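Asks: Line by line, the protein sequences are chains E and G.
Just so you know, we're using full-length UniProt numbering here: the first sequence kicks off at 1 and counts up by one.
Just so you know, we're using full-length UniProt numbering here: the second sequence kicks off at 1 and counts up by one.
Think of the hints as simulated: they come from the structure by calculation, not from any bench.
Among the clues, some could well be false.
Straight line, CA to CA, 27 Å or less: simulated DSS-like cross-link-like pairs of lysine-lysine [said to hold, decoys possible]:
hint	chain 1	residue 1	chain 2	residue 2
1	E	K686	G	K332
2	E	K710	G	K167
3	G	K332	E	K140
4	G	K4	E	K227
5	E	K126	G	K167
6	E	K140	G	K372
7	E	K235	G	K2
8	G	K372	E	K686
9	G	K2	E	K140
10	G	K18	E	K686
11	E	K156	G	K77
12	E	K232	G	K2
13	E	K110	G	K156
14	G	K439	E	K110
15	E	K691	G	K372
16	E	K686	G	K439
17	E	K140	G	K430
18	E	K691	G	K347
19	E	K126	G	K267
20	E	K244	E	K291
21	E	K691	G	K156
22	G	K439	E	K126
23	G	K267	E	K123
24	E	K686	G	K362
Part of the chain E face toward chain G, derived, beta carbon under 8 Å [as the list claims (entries may be wrong)]:
hint	residue
25	V128
26	A207
27	T653
Because the structure is a prediction, the values reported are computed rather than measured.
Glycine is no exception: its CB is placed at the ideal position from the N, C-alpha and C atoms.
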Amino acid sequence: MKSKFLDIKLMIKTPLNYSECSDDERKHCRLLEAISSLGGKTRKKLTERSEASIQVSEFTVNAEGEGDKINLSDLIGTLDKAPTALTATKKQLKNLEHNHTALDTPLTRKETEQIQRVVAFEKTSKEVSRWQSVVVQNQKAEQLVFPLNQEPSGPKRMEHVVSGWKAQTPLEQEIFNLLHVNQQPLHNPVLTQNEEATMKAMSLEEAKIRRAELQKVRALQSYYEAKARREKKIKSKTYHRVQKKVMRKEYLKRFDEMVKTDPAAALEELKKMELSRMKERMSLKHQNSGKWARSKAIMAKYDDGARKAMQQQLEVNKDLTMKLVIPTNEEDEDEVAEALPDFVNDAEPILDPINPWMRGKLSTEPAAQEESNCLVPPAAGPGDVKAGDGPDLLREEEEQVEETEEEAILRGFEERRKLRRAKDAVEVAPVVMEESEGKVKQLITTIHSRMNCQHARERADPCVSQGEGPALLEEGLVRVRTLEDMELLGQDVSACEPAPQTTQTLSTEQTEPQSATKQADGKRKRKKMIDPNEVLTKEAKVIKVPFAPTAVEDVEDTDEQRFIIKEAFAGDDVISDFLKDKKKQESAGMPKVVDLTLPGWGEWGGGGLQPSRSKRKRFRIKVAPPPPRKDQKLLNVILSEKRNSSVAAHQVTYQVMFPFTNPAQFERTIRAPVGHTWNTGNAVQKITAPKIVTQLGAIIEPISREELVKGENQAVTGKSNLRSDQGPQQKRRSQQKKKHKHKKN
Amino acid sequence: MKVKVLSRNPDDYVRETKLDIQRVPRNYDPSLHPFEVTREYTRALNATKLERVFAKPFLASLDGHRDGVNCMAKHPKSLSTILSGSCDGELKLWNLTKRECVRTLQAHEGFVRGVVVRFCGSSFFTIGDDKNIKQWKMETPGYGEEEEPINTILGKSVFTSIDHHHKDAVFVTSGQQVDIWDEQRTSPIRSFSWGVDSINCVRFNPVEVVNPLSGLSYPRFETQIFFKVIMTMRSNTLCWNPMEAYHFTCCNEDYNLYTYDMRYLDKPYTVHMDHVSAVLDVDYSPTGQEFVSASFDKSIRIFPKDGGHSREVYHTKRMQHVICIKWSSDNKYILSGSDEMNIRLWKANAAEKLGMLAPREKAAVNYNQKLKEKFQHHPQIRRIARHRHLPKAVYSQVKEIRIMKEARSRKERNVRKHAKPGSMPVVTEKEKHVVTVVK
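The shape of chain G in the complex, shown without the other chains:
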């Protein structure tokens, strides 16, 4: 007689090592789990709530400057180093891990208009209101040595911005004209100007940079020269997308940011609005997916690269007009320099847990993220995920601007209603802000 005996394969229920999780046999048959959606919805709701509870983006403030912070620069090789120049001509090097100033030097008389670190990280350039370009060593001078620049170039006019090539010993400045400099020479190797306009900001495209010495490549630096886009208001700064060679974003005095495709400059690719005052600075995340903007309205906003509205707004009680902003090269932090002499360190994702995560922690984070994404359209979840606190001044201004916009659009609608059909073409938001494109 054959006797049937219960037999189980130990592989099915015994874990391989002691550190593994206990194996739980499950039946994944969907008919046995009628409430899966409901349960996941609740989980998503909880995840969203927890995200908001843990959203504490502010990490540290670096104080030490004696005037407003006017410019900042990232170190290309070291994540923990940043440089900042203030309005009194002082330049400071900071160690972010220790949150302290490492070195202070009086770089210029008057404003430090721009700082840029050479691609190798061994030296940096500063420009100031005293019409000087100075090159400094990154290392702190030894005991008894004087704090002196390696090079000083006396310019003819005031420089407004500076940027260094990402691979060659070439840098570019803007002012009354755009100058391209070889590091070894005291006069610009090329300079460009167009009419009498002074140029506000000049940036190398980090992706597509050909040596400017070879041939006609200057248009690659700045749109205003290559193709003048005249907008209703002044553009303050621009930043190239580091992952997409032809997209750049410029921040404007009219509270908006505009992302352009450099091939089609006749209208912006996306208009990003949410700020309630002039936008002063913008910087892309190194992944090229988002960018952060600093505004005169004392707030920082993070925009997705193709989203019209911000996904995040940062502010603190004491932060005044934010003048400069940088996104750290490891995509984790944001640095903002503001009028009230402080540099602030923020998390790029407000609710993110910093430091190493255990694998299970990581899995949980991923799962929660996925849930939030899955249920993002549900009203409760959306409401909680999108709720942000705003200072009263900004809040009321937001409201005011909304009312103004509505009124304007209503008026336009009414006028159009009474105009001859076809006589008033509909102008889209994108087209509205570009006056002309000059070739």
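Chain E on its own, in the form it takes in the complex:
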């Protein structure tokens, strides 16, 4: 009794925190223990918390009662009343006691916490990583519309608003029955079940692709039909004859293949051919006895074409009446060789300078055109060639009867060569444009020297990478308020930043290798100040060809090379070439007289009539001569006048801007216009669509978990995730579908 009482008292007195116990209290506790020990039975002493609290100090746990052992069987001592059931468990417990495998002491709190933290970190970071796909998707999206999960505007269907709606009235039930029977949509009026099934079977993208394919096939078919119809209509006999000949040739080719692949069918064909040959032999159709043939025979004396035609007919006759021999493989090869004459592979067929027609046919580019060719926009080159491919070819064939197949083949090669040349022109074009026009149009320089690059880097903030460069604000004490201020700002740039200009000059030099090298040569010459006569003897030998790739090679090699070059250029008159060049440049720079005379205006006009002299005098406008050239007095120098320094301030000096990987890419984007002056309305809308669209007055919530689920689904199905791909309608539909799913669940 006594001890119990004491215990209760102790419980009451125990403070929350032992750490705050004073020494007195500890002594008191010990005293109490001593007293309690007096009462015969030894009791387990337990420290107890007297007050509920979340934080339990680690210092409260004391080592009291450590020595006393509790038998496991003691714990079930209170269950004495049913001894039979307990014997088994008691046994088990005793067995357990015999096992002396003690557990390790638990880790310290600090260590356990650290482990917990690390585990938790890994877990959460894994969980958060699920967002990766969504985040990347949003970064790549062409357009983001905020708020992200917009509810479709307008009235909602009743099913969406009222959750547990059911058809109740007999009329409603009847209607729904009908709908059920006919498999009509109940909730979503847009799609029937069948339609939904098809939607599931094929994604939108696939359907689009398939539709496009079908369209293409249909279009091709219609083209083919139209072509066939057109050809059928053509009345020209010659055309059909040529056509027939081509067909025959093709047929032969096919037959050859057939011999290899399907001999039985080939035999059949052979029989047919034999039959036709026999018929021909009997009919004597291709003899020179026809009306046409007779007329040609008369003409043949005077007309080359007629003679040719006659010969052709004779050949045909010979072919047809000849006894047929099955062609062997060797002959095939011979045929191929014939089909491709050697000179086709030559770089340029040597043209007959006297015969202009010959030139017209085989090489379409007169020498004069070559220069202008570069200035033609690059896209036009291949386009022209293509245009010549189609209907023109047909017409030509109609007109020129005498054109043989060989020529046709030749022309094909010619065209291919032209195409190739056009491609070259495309590559050359940007540079040339820069050279010739010198306008803001070409604002980017293609190549930069390494020095330039370093210079730029040094100018930039040292701790900022180049990609971040453009983002830097240029902060100053000047407040810019009006457009005039802005102009001044621009002047400041050009005035205070000479560095980019110099880089500009460097870069232009490299973009125009020819003129630049000339300039460089000129400068070198100027420095030396050598007498032209001396140059005549020396310069011709020492001429350092700037493009020579051999400069890196060994000394012996270079010596040899030099010797070879010396030999090669022995006969060249470099000086006169140079002077010619200079003259050409000068004349190109001179303004041309503009002739504005309109023949037949105010007087008689027509073939062979010239406008009167007074008129010509009046309407020929002479342009004032340009300021004297800078190299006018410098004999050995050509200074290019094409560079426009006023443009330099507007030109891009960076090597490669961030989202672009090469200058060509950048140029392309600059060249493509955005505005509606050059594009259709829809295109402009599409091009200028802003990256982020927000709704006026709408609160944008943080991204929700639903987006994550959506993103993951899309990632699984492998559909494209760009928001721009999905029209608003589709989005709405998918949302609706989701809702239905929820309902079903």
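Using the hints, position chain G against chain E.
Replies: Chain G in isolation, oriented as in the chain E frame:
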């Protein structure tokens, strides 16, 4: 005889309604437009100039506080309402459309350290230097009713910040430890601490919030607890990106802001620098593309989320140290509270035209934007687009800091040149500011 007659389809040239624009037939053949690039360049130049001319970001200042504005809170349901707490314990509710104070209450004695509105918008919580957490009704008390909090919780220590869960009735405070509170209880349901460091700022991740009652989820709130990143200087506030679950930005005393990926805390994902004094507050735009920072240097800067430098700087003559900043939830405005007792309303895009735009206006804006983007690398345009006026003090400080940085890097370079090769590894700017990461 067949007579050919000119015939045109009226669909090609007649507009559908009177309100449509007159149809202008155009030939889009590029060969007919040789000067398209030049013309577009000029347009871009003009657009850039006009943008700078129209860049008038400052909209209004809300005055009424009698001490510096220490904290602000957005209303989750209403765009026109904001709350602000000042250093004298006063709390004000503002109506932004009318630009006036709607309600004033003496919330605490001493500073109001934090305000947060419950997710439903019906009540809000304040914490103050008097160690109290108070919950208030959003509605103004009726006539004769006293201005009293719904709940008051007496804390054991001073709280430094408060944040409310975005979906549940749970909020979190920081101070000597991080406490997670159920709204219904007067004691925290969980509290965490690590060593003796006091915690400066605590924020729920708005995207990925699991109910903290279930299991071990506390690390989700604060990095300092989960993983201690020891930086060279104190981080003042942090803000989660509302669109990217694992990115957050914290503003630091060392003039920089650091964006971290919470999965890789050993070094920041991006370092944002431009401020010339301690950065005091940061808030993300609701679209998660940009964030705005308030600094002790009396300026506000807007950074793109992954850009190292700011795209915009706002300042006015009278604005002192900016203590708190918020980006409005419709992505249009920025609110800044500063030392000289004013709250300022700014446009998020300085040159933007406010209000509804006609479709053609909108198209023009889009076109101009696209042009500016297209020609942004051209020197003239870049120069004009990036020109900003700065107060002289800040300007000179910027210069000074640049010189200091250059000198430091030069010295480092020189030292490295004379050191044994490999003995001085190159430390990137990102790595420089993190001392250690404690697990």
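Asks: Would you mind marking each hint as holding or not holding in the structure?
Replies: Here's how the hints hold up against the structure:
The straight-line distance between the Cα atoms of K686 (chain E) and K332 (chain G) is roughly 24 Å, inside the 27 Å bound, and the hint therefore holds. The hinted pair formed by K710 (chain E) and K167 (chain G) meets the criterion: a straight-line CA distance of about 20 Å does not exceed 27 Å. Of the pairs offered as hints, the one joining K332 (chain G) and K140 (chain E) holds, with about 23 Å between alpha carbons and a cut-off of 27 Å not exceeded. Between K4 (chain G) and K227 (chain E) the alpha-carbon distance is near 26 Å, which keeps this suggested pair within the 27 Å criterion.
For the hint linking K126 (chain E) to K167 (chain G), the alpha-carbon distance of about 23 Å falls within 27 Å, and the restraint holds. The suggested pairing of K140 (chain E) with K372 (chain G) holds, with an alpha-carbon distance near 20 Å, which does not exceed 27 Å. Distance check on the hinted pair: K235 (chain E) and K2 (chain G) sit about 22 Å apart at the alpha-carbon level, within 27 Å; holds. Restraint check for K372 (chain G) and K686 (chain E): the C-alpha separation of about 17 Å stays at or below 27 Å, so the hint holds.
About 60 Å separates the Cα atoms of K2 (chain G) and K140 (chain E), which puts this hinted pair outside 27 Å; it is violated. Under the criterion of a C-alpha separation no larger than 27 Å, the hint pairing K18 (chain G) with K686 (chain E) is consistent with the structure, at around 25 Å. Pair hint K156 (chain E) plus K77 (chain G) holds up; C-alpha atoms about 22 Å apart against a cutoff of 27 Å. Among the hinted pairs, K232 (chain E) with K2 (chain G) is consistent with the structure: their alpha-carbon atoms are about 24 Å apart, no more than 27 Å.
Between the alpha carbons of K110 (chain E) and K156 (chain G) the distance comes to roughly 24 Å, so the proposed pair stays at or under 27 Å and holds. A threshold of 27 Å between alpha carbons decides the hint, and for K439 (chain G) with K110 (chain E) the separation of about 11 Å falls inside it, so the pair holds. At roughly 14 Å between alpha-carbon atoms, K691 (chain E) and K372 (chain G) fall within 27 Å of each other, so this suggested pair holds. For the hint pairing K686 (chain E) with K439 (chain G), the CA-to-CA distance comes to about 50 Å; that exceeds 27 Å, so the pair is violated.
For the hint pairing K140 (chain E) with K430 (chain G), the CA-to-CA distance comes to about 25 Å; that is within 27 Å, so the pair holds. Taken as a hint, the K691 (chain E) and K347 (chain G) pair is honoured in the structure, with Cα atoms around 19 Å apart against an allowance of 27 Å. Distance check on the hinted pair: K126 (chain E) and K267 (chain G) sit about 18 Å apart at the alpha-carbon level, within 27 Å; holds. Between K244 (chain E) and K291 (chain E) the alpha-carbon distance is near 20 Å, which keeps this suggested pair within the 27 Å criterion.
Between K691 (chain E) and K156 (chain G) the CA atoms are separated by roughly 49 Å; this puts the pair beyond 27 Å, and the hint is violated. This hinted pair checks out: K439 (chain G) and K126 (chain E) have alpha carbons roughly 17 Å apart, not beyond 27 Å. In summary, the hint linking K267 (chain G) to K123 (chain E) is supported, as the alpha carbons are separated by about 20 Å, within the 27 Å threshold. A threshold of 27 Å between alpha carbons decides the hint, and for K686 (chain E) with K362 (chain G) the separation of about 13 Å falls inside it, so the pair holds.
Contact between V128 (chain E) and chain G, as hinted, is supported at the beta carbon level, the nearest pair being about 4 Å apart and thus within 8 Å. Annotation: interface hint on A207 (chain E) violated; nearest CB of chain G at approximately 30 Å, more than 8 Å. Satisfaction of the interface hint for T653 (chain E) is found here, the shortest Cβ-Cβ separation to chain G being roughly 7 Å, below the 8 Å cut-off.
This entry does not satisfy hints 9, 16, 21, 26, going by the numbered hints stated previously.
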